[in-house]
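**Student:** So the sequence lines, in the order shown, correspond to chains A and B. Heads up, the first sequence is in this note's numbering, so the first residue is 1 and it goes up one at a time. Heads up, the second sequence is in this note's numbering, so the first residue is 1 and it goes up one at a time.
Everything labelled a hint here was simulated from the structure, so no lab data went into it. Each hint should be verified, as a subset may be incorrect.
List of simulated lysine to any residue pairs, SDA-like, C-alpha gap at most 20 Å [to be verified]: (1) Lys17/B <-> Asp41/A; (2) Lys53/B <-> Pro36/A; (3) Lys83/A <-> Pro36/A; (4) Lys53/B <-> Ala133/A; (5) Lys83/A <-> Ala133/A; (6) Lys96/A <-> Gly39/B; (7) Lys96/A <-> Arg54/B.
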Amino acid sequence: MLFSPNMTAEENNTNDEISADNAEVQVYELGYHILPTVVADDLEGEVAKLRSAIEKRGGSFITEGTPEMTTLSYPMFVNNGGKKTKYEQAYFGWMKFEMAAGEAIALRDEDLVTNAQVLRHILFKTTREETRAQLQTAQNNILREIKTTGVLEKKTVTEEGGEVSQEQLEKSIKDLVGDDKEAEEKKEEDKKEKE
Amino acid sequence: MSADYFSLNGIKYIDYKDVEVLKKFLNPHGRIMARLRTGLTAKHQRDVTRAIKRAREMGLLAYIMK
Numbered sequence: 001m002l003f004s005p006n007m008t009a010e011e012n013n014t015n016d017e018i019s020a021d022n023a024e025v026q027v028y029e030l031g032y033h034i035l036p037t038v039v040a041d042d043l044e045g046e047v048a049k050l051r052s053a054i055e056k057r058g059g060s061f062i063t064e065g066t067p068e069m070t071t072l073s074y075p076m077f078v079n080n081g082g083k084k085t086k087y088e089q090a091y092f093g094w095m096k097f098e099m100a101a102g103e104a105i106a107l108r109d110e111d112l113v114t115n116a117q118v119l120r121h122i123l124f125k126t127t128r129e130e131t132r133a134q135l136q137t138a139q140n141n142i143l144r145e146i147k148t149t150g151v152l153e154k155k156t157v158t159e160e161g162g163e164v165s166q167e168q169l170e171k172s173i174k175d176l177v178g179d180d181k182e183a184e185e186k187k188e189e190d191k192k193e194k195e
Numbered sequence: 001m002s003a004d005y006f007s008l009n010g011i012k013y014i015d016y017k018d019v020e021v022l023k024k025f026l027n028p029h030g031r032i033m034a035r036l037r038t039g040l041t042a043k044h045q046r047d048v049t050r051a052i053k054r055a056r057e058m059g060l061l062a063y064i065m066k
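Looking at chain B on its own, in the form it has when it is part of the complex (with noise of 0.2 Å):
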């Protein structure tokens, strides 16, 4: 990913219930991305980060995936 997807998507919040979109920044493993990988800019990563953690907690998203 080149360009920050939040910023070209006009998605202003990130939320910890969109597990499709949080997907995307999870490796198949279902480690965080780096944010050399993701390409968002250091606010989003920390979003999703922290969002993915949310969502990890609740458990919409799993800690491990493989």
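This is chain A alone, in the form it adopts within the complex (with noise of 0.2 Å):
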């Protein structure tokens, strides 16, 4: 609504009001979803195409999510001229940016819905925080950890001799090996005997 002196004090203060809410900075994210048909060499001309659209009414970028081929969860339909194109897959990134209330409008009005390469967009107000939710699987390992109503006291096995010198190692085995020895050759008597 433009100024007009016919206009009372009342009408005036809301207009000004309106004036201020579009040129008040807010934090946008746009989604977009890019044609398949667009070759790959030619996605980052469509992509610099939509960052030239928000640069040129004053938007400053935040951060970006590059455009990536996704299978969508239901096919969508395009009406080009009377016939009907299906698209089942589409490039799909994003951007955040901040822009004034009034330019952001505008964008959506004259960028995006016009713009043919672009086969569907998403745009709203967020937050300048990173808003992807940061999953840690040690965080879920946490949540998910079992209570137990005990410790196990570590036992300590400790040998009754205490320390075993080299030669009395040697000794015992010499002695085990001996009576194998032994034990063999009363063996072979007791078959001489019998024989």
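Make one complex out of these two single chains by using the hints.
**Tutor:** Here's what the structure looks like:
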């Protein structure tokens, strides 16, 4: 609404409020699907078009997600001169930027809706902070931790004799081997006697 | 789900692009589960609903699954 001398003071005030709202800088997120028919080499050019449209309207970028080919959850149809074209895949990308409210509306109506290469788009107010959920597996594990009632004590095994020297070890091995030899000799003698 | 999923996992914002998180709050038919079932706070339930609707609009989630 433009200012006119016939307007009352109240009307002028409301107009000022609307223009002030339009001038207020907000953080916006733009999500878009670019047609899968666009060649991968030209994809950057299409994104650059969107970027330049935002910059032209005084937008400043915060973060951006590069477009990737995604399979759509349902087919989307585009009417091209009376002919319906079905799309089941598209390049999905997003960008977060700051812009005056009035400019954002103009961006939507003049640049996004009219862009034939943009299959679908969404533009909404958001926050400057990172909004993606950052799930940490370790954190999840902590949540699923089972509470134990008590802590088991570690069993320490101590040998009765204390440390064993190398000589003692050798002796014990010899004894064992010697015992075996004696037993074998006895067996052989028994066999001979029986024969 | 007994406790609020987002409070438990320290998730401050609910994003429409986090499809795997949003799927937790859909029934096999793709309908948004009631707050009684999700166990979310009223605010988080509203945020989830908004995010699911945005994801559906952008073709990241289906309107009907079966």
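**Student:** Enumerate the violated hints, using their earlier numbering and listing them in ascending order.
**Tutor:** Going through the list in order, the structure violates hints 1, 2, 5, 6 and respects the others.
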